[in-house]
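Q: Under this note's numbering, the first residue of the sequence shown carries the number 1, and numbering increases by one thereafter.
Just to be clear, a hint being listed does not mean it is correct.
[To be verified] Here are the simulated EDC-like cross-link-like pairs (lysine to aspartate or glutamate), alpha carbons at most 16 Å apart as the crow flies:
# : residue 1 : residue 2
1 : LYS126    : GLU85
2 : LYS74     : GLU92
3 : LYS114    : GLU139
No lab work stands behind these hints: they were computed from the structure.
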Amino acid sequence: MSHTQTSIHDIDGFFYSPSQLLKSKNLSTKDKKTGFLTSGALLDSRVCKVLNEIIQLPKPSMDIPVEVSTSMEKHFWNPIRAWREYLYLSSEYMAKKMNLDIAEYLEIENQPFKLNDDILNRLSTKFGIHKNLLLRSIEKYNQGCILLKGMD
């Protein structure tokens, strides 16, 4: 029975280029020292496996959830409160996670347009969202405030 041997390069060449040693060998090539696959073949196969697993992971969405947008519009909540409520987190919990007093946290939550980069990073990390998503929420909120002021 003939068996076609395929090199790692032929299997995963799109995602990972194996070592030069493996480009000329097949997966079933045996090393006389170990009696099994060469250490290069084992390493390359593990790297390919991990890369394939990473590629299969779902990509995080960069869209603001409808519930967050609705909360900002319907309840006139600022984006930080809208995200906190969307994630079912209390202000006490967030204050504790950020090592702040509740009053300090509420001051941050009530003034999203005055936040510095460090606070935005800390908030997005605690919320488990990408910082750019939080920034987009704040921009949307600020645009809504400008529109409301223009209507007065």
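Q: Checked against the structure, which of the hints given earlier come out wrong?
A: 2
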